[in-house]
Amino acid sequence: MDQLRSVPPHMRRTPFDPVDDLARCRAEAPVSRAAAPLGPLRVPAWLIARYQDVRAVLGDAAGFSNSSEAVRDYVAAVAGEETAERLPLSGPSLIGYDPPVHTRLRRMVAPRFTVKRMRSLQPRIEAIVAEHLDAMAEAGAPADLLEAFALPMSSLVICELLGVPYDDRAAFQRRGSAQLDLDLDLAGRQAAFDESHAYMADLVRGHRAGPGDNLLGALVREHGDELSDEELTELATLLLVAGHETTANMLALGTLLLLRHPDQLALLRDDPSIAEGAVEELMRYLSIVHTGVVRTALRDVTIAGTRIKAGDAVMCSLPSANRDESVIADPDVLDLTRKPTAHVAFGHGIHHCLGAPLARLELRIAFPALLRRFPGLRLAVPFEELRYRPLSVVYGVRSLPVTW
Amino acid sequence: MRVIADRDICIGAGNCVLTVPEVFDQDDDEGLVEVIDPDPAAGLRDKVREAVARCPSGAIKAIDTSEPDD
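Those sequence lines, one after another, are chains A and B. By our numbering, the letter at position 50 of the first sequence is numbered 50, and the numbering carries on one by one without gaps. By our numbering, the letter at position 29 of the second sequence is numbered 1029, and the numbering carries on one by one without gaps.
Hints are computed from structural coordinates only; laboratory data are not their basis. By construction, the Cβ of each residue, glycine as well, lies at the ideal position given by its N, Cα and C atoms. There's no promise every hint is true.
As the list claims (entries may be wrong) - In silico BS3-like pairs for lysine-lysine, Cα to Cα no more than 25 Å straight-line:
{"id": "1", "chain 1": "A", "residue 1": "Lys309", "chain 2": "B", "residue 2": "Lys1061"}
{"id": "2", "chain 1": "A", "residue 1": "Lys339", "chain 2": "B", "residue 2": "Lys1047"}
{"id": "3", "chain 1": "B", "residue 1": "Lys1061", "chain 2": "A", "residue 2": "Lys339"}
{"id": "4", "chain 1": "B", "residue 1": "Lys1047", "chain 2": "B", "residue 2": "Lys1061"}
{"id": "5", "chain 1": "B", "residue 1": "Lys1047", "chain 2": "A", "residue 2": "Lys116"}
{"id": "6", "chain 1": "A", "residue 1": "Lys116", "chain 2": "A", "residue 2": "Lys339"}
Claimed, not checked - To list a few chain A residues with every Cβ distance to chain B over 10 Å, as calculated:
{"id": "7", "residue": "Thr14"}
{"id": "8", "residue": "Arg42"}
{"id": "9", "residue": "Ala135"}
{"id": "10", "residue": "Ala178"}
{"id": "11", "residue": "Gly206"}
{"id": "12", "residue": "Glu276"}
{"id": "13", "residue": "Ala310"}
{"id": "14", "residue": "Gly311"}
{"id": "15", "residue": "Gly347"}
Input sequences plus hints: build the corresponding full structure.
Here you go:
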């Protein structure tokens, strides 16, 4: 529990489950005060704990803003102008914009992430998964599942899709993880944002000059006149991070969870036809994105009897919503054969994860392939020695040493 | 049951297509919802209700026309 000392309760896990504080919030204080971590800085915010309220807030883009400027204004009001000035800024991109700008940008990329288009990638993703599993087998046990499989696999998929050189992966993986690291000092995180931005700006210049046969190239060809270089850079930076960090962490933490539930692991290994529902259940159960983007109330609003003022910061706890016993029966039970729930692990409302169909496909392919390739898969270190990253936008296990 | 969709609200998340591909699709140009079967057979109606619940943007609706479900 040492690791959890400085972690706000809404980001603590033990290590798969949200802490009891969140269950207490749902029962007694569905809207409570919590600390939003921004590097070493803690900013007071409202925490929404119940499923229905989380859906209501995330579904109300007119009532709650995603704008990073609005958060900055709020920080300036509660912690002073000087502190707000030091907040790391990534450039807003999709998740930091409200309509109509958000609508305009999302409409440009939505056709690139349709279910049909993602399905057309299935053979390629299957091949990538198989290649990486072969390489892992060849290198021999033990292996860090994150480094040997989850990260390179998801990185290669998003690199090919976007048009980012895979050879640059070591650098962009390091920067991506730093961008999401809420424990990093403000300057360190800002440096990660700046480096990522410079790297992507360079790639965007290349695609402007000669658009590739990939998403960045397509955006240049189809929307090149409507998109500024800055917008393209921000968008691509977001897609690159969101495209590999989330899937990789879900795959590693999900594998660990399955190793701790051998009966469930066996179900998925022996019957890949349950993979689609199993992935939904793993997503719901782990909800690796703690809250997503901090919202700012655009007007005074009352939620579950609590008055929230215009300008206040609001966080929606996704793990709490997905364990809400009033909506999901036996929410603390991992049941891969559960009837799919309308979970909010990908968020809700207009900012619902753009890459969800891709993430689902990668996970649906990768979990059964991994378990079938290594039927004897097990931890190579005692479970108690594993370390996690609660103070990151995306929760995960720091490394996952496995043997087989 | 009558299934309708509002493409102005749709964000193209694709949850409906994953839930009931017999009823929903996305067009290639905009990636937004298309109702391919506005009057789904009784056996699909639970799935349609599930798709409505899973839609993040509230773009799809299933209007109960009070026909028997089976």
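Consistency of the hints with the structure:
no., hint, in the structure
1, A:Lys309 to B:Lys1061, "violated, 32 Å"
2, A:Lys339 to B:Lys1047, "holds, 11 Å"
3, B:Lys1061 to A:Lys339, "holds, 21 Å"
4, B:Lys1047 to B:Lys1061, "holds, 12 Å"
5, B:Lys1047 to A:Lys116, "holds, 19 Å"
6, A:Lys116 to A:Lys339, "holds, 23 Å"
7, Thr14, "holds, 28 Å"
8, Arg42, "holds, 30 Å"
9, Ala135, "holds, 31 Å"
10, Ala178, "holds, 28 Å"
11, Gly206, "holds, 26 Å"
12, Glu276, "violated, 8 Å"
13, Ala310, "holds, 23 Å"
14, Gly311, "holds, 26 Å"
15, Gly347, "violated, 7 Å"
Violated hints for the displayed structure, listed by number in ascending order: 1, 12, 15.
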